[in-house]
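For the record, the sequence lines run as chains L and Y.
So for the first sequence, my numbering puts the first residue at 185; every next one is plus one.
So for the second sequence, my numbering puts the first residue at 185; every next one is plus one.
Just so you know, these hints were derived from the structure itself, not from any lab.
Please note that the accuracy of each hint is not assured.
Residues of chain L placed beyond 10 Å of chain Y at every Cβ, according to the derived structure [as the list claims (entries may be wrong)]:
{"#": "1", "residue": "Val197"}
{"#": "2", "residue": "Phe212"}
{"#": "3", "residue": "Gly246"}
{"#": "4", "residue": "Arg277"}
{"#": "5", "residue": "Asp304"}
{"#": "6", "residue": "Ala340"}
{"#": "7", "residue": "Ser353"}
{"#": "8", "residue": "Asn354"}
{"#": "9", "residue": "Leu385"}
{"#": "10", "residue": "Tyr404"}
Estimated spans, in silico, between C-beta atoms of each pair [to be verified]:
{"#": "11", "chain 1": "Y", "residue 1": "Tyr375", "chain 2": "L", "residue 2": "Gly382", "range": "49 to 55 Å"}
{"#": "12", "chain 1": "L", "residue 1": "Tyr266", "chain 2": "Y", "residue 2": "Tyr266", "range": "33 to 39 Å"}
{"#": "13", "chain 1": "Y", "residue 1": "Asp325", "chain 2": "L", "residue 2": "Asp259", "range": "31 to 37 Å"}
{"#": "14", "chain 1": "L", "residue 1": "Ile365", "chain 2": "Y", "residue 2": "Asp325", "range": "33 to 39 Å"}
{"#": "15", "chain 1": "Y", "residue 1": "Lys408", "chain 2": "L", "residue 2": "Leu386", "range": "41 to 47 Å"}
{"#": "16", "chain 1": "L", "residue 1": "Gln303", "chain 2": "Y", "residue 2": "Arg314", "range": "54 to 60 Å"}
{"#": "17", "chain 1": "Y", "residue 1": "Asn354", "chain 2": "L", "residue 2": "Phe343", "range": "31 to 37 Å"}
{"#": "18", "chain 1": "L", "residue 1": "Lys408", "chain 2": "Y", "residue 2": "Val410", "range": "23 to 29 Å"}
Bear in mind the structure is a predicted one, so any value in this text is a computation, not a measurement.
Backbone N, C-alpha and C define an ideal beta-carbon position, used for all residues, glycine too.
2 protein chains.
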Amino acid sequence: MHQETHINSSNFVRDVIIGMSDGLTVPFALTAGLSGVLDTNHLIIVSGLSEIAAGCISMGLGGFLAGQTEVEHYDSELKREYEEVEKVPETERQEVEAIFIDMGVDKELSKQVTLQISQDKHKWVDFMMRFELGLDKPDKDRAIKSALTIAFSYLAGGFIPLFPYLVTSNNQQGFYFSCIITVIALLIFGYFKSKVTGQPLLKGTLKVALTGIAAAVAAYALAKMVS
Amino acid sequence: MHQETHINSSNFVRDVIIGMSDGLTVPFALTAGLSGVLDTNHLIIVSGLSEIAAGCISMGLGGFLAGQTEVEHYDSELKREYEEVEKVPETERQEVEAIFIDMGVDKELSKQVTLQISQDKHKWVDFMMRFELGLDKPDKDRAIKSALTIAFSYLAGGFIPLFPYLVTSNNQQGFYFSCIITVIALLIFGYFKSKVTGQPLLKGTLKVALTGIAAAVAAYALAKMVS
Numbered sequence: 185m186h187q188e189t190h191i192n193s194s195n196f197v198r199d200v201i202i203g204m205s206d207g208l209t210v211p212f213a214l215t216a217g218l219s220g221v222l223d224t225n226h227l228i229i230v231s232g233l234s235e236i237a238a239g240c241i242s243m244g245l246g247g248f249l250a251g252q253t254e255v256e257h258y259d260s261e262l263k264r265e266y267e268e269v270e271k272v273p274e275t276e277r278q279e280v281e282a283i284f285i286d287m288g289v290d291k292e293l294s295k296q297v298t299l300q301i302s303q304d305k306h307k308w309v310d311f312m313m314r315f316e317l318g319l320d321k322p323d324k325d326r327a328i329k330s331a332l333t334i335a336f337s338y339l340a341g342g343f344i345p346l347f348p349y350l351v352t353s354n355n356q357q358g359f360y361f362s363c364i365i366t367v368i369a370l371l372i373f374g375y376f377k378s379k380v381t382g383q384p385l386l387k388g389t390l391k392v393a394l395t396g397i398a399a400a401v402a403a404y405a406l407a408k409m410v411s
Numbered sequence: 185m186h187q188e189t190h191i192n193s194s195n196f197v198r199d200v201i202i203g204m205s206d207g208l209t210v211p212f213a214l215t216a217g218l219s220g221v222l223d224t225n226h227l228i229i230v231s232g233l234s235e236i237a238a239g240c241i242s243m244g245l246g247g248f249l250a251g252q253t254e255v256e257h258y259d260s261e262l263k264r265e266y267e268e269v270e271k272v273p274e275t276e277r278q279e280v281e282a283i284f285i286d287m288g289v290d291k292e293l294s295k296q297v298t299l300q301i302s303q304d305k306h307k308w309v310d311f312m313m314r315f316e317l318g319l320d321k322p323d324k325d326r327a328i329k330s331a332l333t334i335a336f337s338y339l340a341g342g343f344i345p346l347f348p349y350l351v352t353s354n355n356q357q358g359f360y361f362s363c364i365i366t367v368i369a370l371l372i373f374g375y376f377k378s379k380v381t382g383q384p385l386l387k388g389t390l391k392v393a394l395t396g397i398a399a400a401v402a403a404y405a406l407a408k409m410v411s
């Protein structure tokens with residue numbers, strides 16, 4: 185069908201983007217900031233790892249709770265629509281009619297269409313869920329999948345800026361090396377993000393990279409200022 | 185109208201929740217983690233401030249770009265639908281019919297309704313945008329509003345766990361004080377978040393608080409381990 189050719193990134197891709205955007209940026213900025221005020225790599229690594237652990241759990245559990253809430257919200261609205269269709273069918277029919285009239289269909293035809301839709305209770309409720317409330321049926325395993333995808337993407341992203349501090353002997357070397365590989369990683373990530381979200385490639389790639397750089401500059405400046 | 189009584193948190197509230205969830209959690213976890221390995225508050229404060237600056241910018245600019253992409257994506261799909269309605273009206277009419285047949289409307293009536301909807305080109309495109317693609321018209325100022333709301337919420341959230349290290353004289357005092365006020369803040373935030381998202385209050389409140397605590401425990405354990 186034709187809508188498949190419209191750009192529509194999957195939940196998985198969306199979660200990878202959520203996790204990796206912050207994962208590449210925040211640990212990069214934090215460690216860059218600290219490299220300006222600390223002489224040795226050890227504390228930079230400790231801070232970076234703490235931040236990555238905190239970020240993984242905060243964003244991963246956040247994704248889990250958001251997914252769970254989505255399922256619960258859908259289920260409670262579904263229950264409510266079934267009840268309403270049962271208890272106040274006339275009111276619900278008028279709502280369906282109003283939706284059609286709003287679409288540009290005349291009153292008489294809206295009545296007929298509504299009558300047909302309301303023949304099958306499940307189709308009727310489906311209609312209310314999608315067209316009145318704008319809710320799509322969420323995947324039941326969405327919460328756990330989302331949590332794991334976001335957390336691992338954050339972890340993978342966060343390890344890139346941190347890695348140089350593990351393999352260099354001082355903060356300056358670590359800082360330069362971290363800047364180089366993280367900016368490269370931001371450009372690659374920005375490129376793929378732009379591709380899957382259907383944005384102009386150059387503009388989209390630069391936006392992602394500049395966000396990471398802006399965060400690092402701010403963290404660096406602030407750390408210098410308060411030290 | 186009846187759908188107004190359904191729970192529907194606004195974009196503003198959603199952005200406050202996005203910013204504050206991570207703002208309360210990640211700086212809390214990071215500073216708690218560092219308080220286990222650093223003797224003085226100074227470096228904890230420097231790290232905390234760097235993290236807040238990085239988080240604000242990363243999440244704020246992230247929100248800005250997401251909002252911008254949403255507007256651009258909507259506009260490009262809109263343009264495309266106008267073109268399709270112009271160039272291949274029959275194909276587009278068949279798509280509308282297919283949507284109605286899927287709703288439980290018979291073939292004949294679907295044809296009639298489709299004919300009426302396609303009388304007005306704007307209503308027709310509106311229909312395709314909402315019912316075929318599931319896209320709602322985004323607010324043009326959404327990107328900048330979203331960016332500022334997320335960034336300030338992160339800042340406000342992040343300052344709560346950091347504040348105790350500014351007013352106490354050592355890491356242990358700072359840690360205890362930070363845990364107390366942050367857990368209280370998490371409970372209050374969790375309560376309001378559950379209220380606006382329509383979740384069970386006790387369960388919702390505890391979920392938010394436990395997420396923050398879990399992140400702090402993980403960061404603390406990891407920092408101790410690698411030190």
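These are the hints, each one checked on the structure:
Non-interface call for L:Val197 relative to chain Y: holds, since the shortest CB-CB distance, roughly 13 Å, exceeds 10 Å. Listed as outside the interface, L:Phe212 is inconsistent with that label: its C-beta sits roughly 8 Å from the nearest C-beta of chain Y, within the 10 Å cut-off. Annotated as non-interface, L:Gly246 brings its C-beta within 10 Å of a C-beta of chain Y; the closest such distance is 6 Å. Every C-beta of chain Y lies more than 10 Å from that of L:Arg277, the closest at about 12 Å, which supports listing it as non-interface.
The Cβ of L:Asp304 sits about 5 Å from the closest Cβ of chain Y, inside the 10 Å cut-off, so the non-interface label is violated. Listed as a non-interface residue, L:Ala340 keeps its Cβ farther than 10 Å from every Cβ of chain Y; the least gap is roughly 16 Å. Separation of L:Ser353 from chain Y is adequate, the least Cβ-Cβ distance of about 17 Å exceeding the 10 Å criterion. Interface exclusion of L:Asn354 from chain Y stands, the closest Cβ pair being 17 Å apart, more than 10 Å.
L:Leu385, annotated as away from the interface, keeps every beta carbon of chain Y farther than 10 Å; the closest lies near 13 Å. A beta-carbon of chain Y comes within 10 Å of the beta-carbon of L:Tyr404; the shortest separation is about 8 Å. At about 39 Å, the beta-carbon gap between Y:Tyr375 and L:Gly382 misses the expected band of 49 to 55 Å. Separation of L:Tyr266 from Y:Tyr266 is about 38 Å and conforms to the stated range, judged on CB atoms against 33 to 39 Å.
Checked against the hint of 31 to 37 Å, the C-beta distance between Y:Asp325 and L:Asp259 comes to roughly 34 Å, which is consistent with it. Roughly 37 Å separates the CB atoms of L:Ile365 and Y:Asp325, a value that falls within the hinted 33 to 39 Å. Restraint check, Y:Lys408 to L:Leu386: a C-beta distance of roughly 45 Å satisfies the suggested window 41 to 47 Å. Distance hint check for L:Gln303 and Y:Arg314: the Cβ-Cβ separation is about 24 Å, which falls outside the suggested range of 54 to 60 Å.
Taking 31 to 37 Å as the suggested C-beta distance range, the pair Y:Asn354 and L:Phe343 conforms, at roughly 32 Å. Between L:Lys408 and Y:Val410 the CB atoms are about 25 Å apart, so this pair conforms to the stated range of 23 to 29 Å.
When held up to the earlier numbered hints, the structure conflicts with 2, 3, 5, 10, 11, 16 and fits the remainder.
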